[in-house]
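Just so you know, the sequences run in chain order P and U.
Going left to right, the first sequence walks through residues 11 to 275 as my numbering numbers them.
Going left to right, the second sequence walks through residues 53 to 482 as my numbering numbers them.
FYI, nobody ran anything at the bench for these hints, they're computed from the structure.
Where a beta carbon is used, it is the ideal one built from N, C-alpha and C, also for glycine.
Just so you know, not all the hints are guaranteed correct.
[Claimed, not checked] Covered stretches of chain P, going by a simulated chain U footprint (3 or more residues, C-beta under 8 Å):
1. 129 to 143
2. 207 to 215
[Stated by the list, open to error] Sample of chain P residues facing chain U (criterion: CB under 8 Å; computed from the structure):
3. L25
4. L88
5. V220
[Claimed, not checked] Derived Cβ-Cβ restraints for the label pairs, each shown as a range:
6. P:G127 - U:E393: 53 to 61 Å
7. P:E98 - U:Y198: 19 to 27 Å
8. P:D151 - U:Q467: 24 to 32 Å
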Amino acid sequence: MEQQIQYSVPIMADLAASGKYPEYLFWVGCAGAFDARYKKVTVAFARLLNHANVDFAILGSEETCNGDPARRAGNEMLFQMQALKVIEILNQYQVKKIITCCPHCFNIFKNEYPDLGGHYEVIHHSQFLQELLDNGRLKVDKQVLKNQSLVYHDPCYLGRGNNIYEPAREVNNALGTTNVEMPRNRSKALCCGAGGAQMFKESEPGQKEVNVERTEEAIKTKAGIIATSCPFCMTMITDGLKFKGKEDEVKNYDIAELLYQAIFK
Amino acid sequence: MNQIIFLITLLITLGVFAFSMRNLWYNFSLTRHEKVSDWGRRIVIMLKVAIAQTKIFRYPLAGIFHALVFWGFIVITLGSIEMVIDGLTGTERIMSSTGWFYNFVTASGDIMAYIIIISILIFTGRRLFLRIKRFYGIEMQPKSKYDALIALSIIMLLMLSLAGLNISYFQIHKMEYAGLYPVSALLAANTLEGFSIYELHFIHNFCWWSHILLIFLFANILPYSKHFHVFTSIPNVFLSRLKPLGYLKNMPSVTAEIKYMLYPETTEAPAETVAERYGVKEVNDVTWKNYLDSLACTECGRCTDNCPANITGKKLSPRKIFVDLRARMKEYSVGRKKMGETFEDGKTLLHSYITAEELWACTTCNACATECPVNINHPALILDMRRYLVLEESSAPSGLNAMFANIENNGAPWQYPPEDRLNWLSDLNK
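Make the full structure from the sequences, and use the hints.
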């Protein structure tokens with residue numbers, strides 16, 4: 011069913027100018043705004059928010075890095091500079107609830123911003139999508155993806171970092187796909203290799219890249235789709251598929267993109 | 053006479069043990085302070101992770117044998133306490149008046165002793181004949197291997213002497229005995245039938261003294277062995293960090309400086325005290341909990357076995373971080389004791405023991421901390437050393453320096469201007 015709806019994404023500053031403060035801030039994140047591949051995830055998720063009539067807005071050009079990669083790389087000075095800036099902006103718009111697609115942003119807002127005076131309810135998009143499915147605000151056509159098989163890769167900062175393993179699986183279970191698991195899943199999941207600021211540096215000498223090791227494990231399950239729910243995992247798995255020359259047989263999508271496909275195509 | 057000999061050996065044991073503990077206490081006094089709260093939740097986590105052994109079962113086969121040895125040790129320890137009282141007061145089996153409780157303790161102790169014997173045989177065989185990858189690695193010196201084999205041998209002798217004690221006791225008192233010895237009773241008929249009462253008493257006394265002296269010996273070897281975890285694991289789990297693994301602790305000294313920098317009018321200037329070093333370079337920069345972690349590590353290697361960096365051939369081994377911390381503290385504290393704060397031997401924990409290359413290979417995925425059966429937190433310490441490298445030495449890999457510069461200049465780890473943050477909106481209605 012092709013929808014005729016006109017999607018719109020309000021900006022916090024515009025709403026505030028007319029005295030409006032939405033229920034949720036959608037924290038797009040740097041990868042969500044700048045990474046060519048991951049921008050598609052941002053679009054899909056924003057459309058889903060529209061479709062479910064969620065009262066949200068983004069910071070737009072006022073958004074700035076919340077300092078996570080700096081802190082993980084040991085640069086506490088830079089992290090705290092960014093964090094105090096971000097807290098000031100969020101206070102200005104009276105933000106209480108934050109939704110984000112990035113587990114790293116999720117973790118730092120939820121667990122570490124309170125130490126600096128920033129207290130928010132923080133929701134990862136997998137949790138939010140599960141909720142929208144549970145209360146019927148999003149409905150899936152199970153026929154669309156029913157011939158597809160899917161394997162889910164756990165992001166560390168959602169899984170081991172915060173003990174959140176099931177919401178993304180619940181979303182995947184709603185898709186109508188045949189879902190399988192890698193041998194190392196949930197708390198045993200192997201990292202994609204990008205965490206702890208590895209995303210921004212060359213890896214140390216070794217026998218293999220971590221993302222290749224993980225992608226091989228995913229390929230072995232013979233699933234046609236590798237589902238991720240983290241921008242860094244997506245970069246690493248997509249690169250892993252290219253490295254193995256499998257990018258035509260196996261596709262890497264974010265859970266939000268899959269849900270969007272299952273609803274609208 | 054027996055009581056006097058017993059008292060003297062007990063006093064020697066306690067004296068040597070107190071000496072070892074005093075040295076460790078001194079080591080703790082060199083570390084940084086960290087607050088502990090939430091005692092209720094700690095009891096729950098201790099019952100779950102330490103007593104119920106939940107994390108050890110993540111490796112099901114090794115886990116079950118470890119749990120059996122651990123639970124066996126707990127019931128057998130009750131019996132050991134009785135032996136100490138008997139030894140001091142000249143009584144025999146003083147706890148036997150507790151009736152059904154005594155039956156329970158002796159019966160389970162008797163069964164567990166034989167289960168431990170079987171488990172130790174399996175563990176020893178595994179170490180000697182199977183090449184388990186996680187028992188090897190650059191941090192696994194020959195000492196670690198001997199250490200393991202010595203501990204296994206002592207435990208074996210402890211259990212054999214206990215079995216001998218139970219069997220001979222049963223054989224002597226067949227008609228009327230205190231407690232229950234289901235396995236030893238079966239074995240008695242096959243092993244000690246036909247021995248004279250004099251010989252049986254000799255065997256009984258020999259086993260009694262062997263058992264108690266082995267306990268005393270073991271207790272005093274442990275503080276110098278990786279098997280010190282027998283004492284430190286439960287406290288370490290009890291004192292483990294309760295925040296989610298993703299959490300990284302704040303550096304309030306940095307916050308004070310930045311607030312003063314950003315709002316000089318409204319913030320008080322940071323106190324002009326002797327600047328505390330940012331992050332961790334030497335063993336006196338770690339918290340007491342980091343050091344306790346190093347004492348609780350028994351080098352099982354589950355952390356390293358699950359480390360993505362290690363699996364793919366990088367130098368990082370989470371276990372090595374704590375083996376190094378313990379070793380460096382041993383060396384450092386000797387020097388500090390002699391020369392005080394001016395002590396300097398041209399070495400530091402970071403650089404001389406742990407290299408920057410190891411630290412930069414960490415993805416902070418927390419597989420190590422998740423896997424550790426005694427709740428050691430490796431990534432937190434790795435991050436504190438990275439903090440030292442960046443904040444005090446300004447030495448980060450070039451990619452990270454570029455990332456820092458991008459965040460400083462345009463508020464993103466990549467080189468895009470803030471206006472471009474809205475670019476994705478143009479695809480919204482395509």
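Evaluated hints:
With 0 residues bearing a CB less than 8 Å from a CB of chain U, the region 129 to 143 of chain P misses the requirement of three and the coverage assertion fails. Counting residues of the region 207 to 215 of chain P whose C-beta lies closer than 8 Å to any C-beta of chain U gives 9; at least three are required, and the coverage claim holds. The interface hint given for L25 of chain P is violated, since its Cβ lies 15 Å from the closest Cβ of chain U, which is over the 8 Å cut-off. The interface hint given for L88 of chain P holds, since its Cβ lies 6 Å from the closest Cβ of chain U, which is under the 8 Å cut-off.
Checking V220 of chain P against chain U by beta carbon gives a least distance of about 5 Å; that is within 8 Å, so the hint holds. The beta-carbon spacing between G127 of chain P and E393 of chain U, approximately 36 Å, falls outside the hinted interval of 53 to 61 Å. Remark: the range hint 19 to 27 Å for E98 of chain P to Y198 of chain U is contradicted by a beta-carbon distance near 59 Å. The hinted window of 24 to 32 Å between D151 of chain P and Q467 of chain U is violated, with their beta carbons roughly 41 Å apart.
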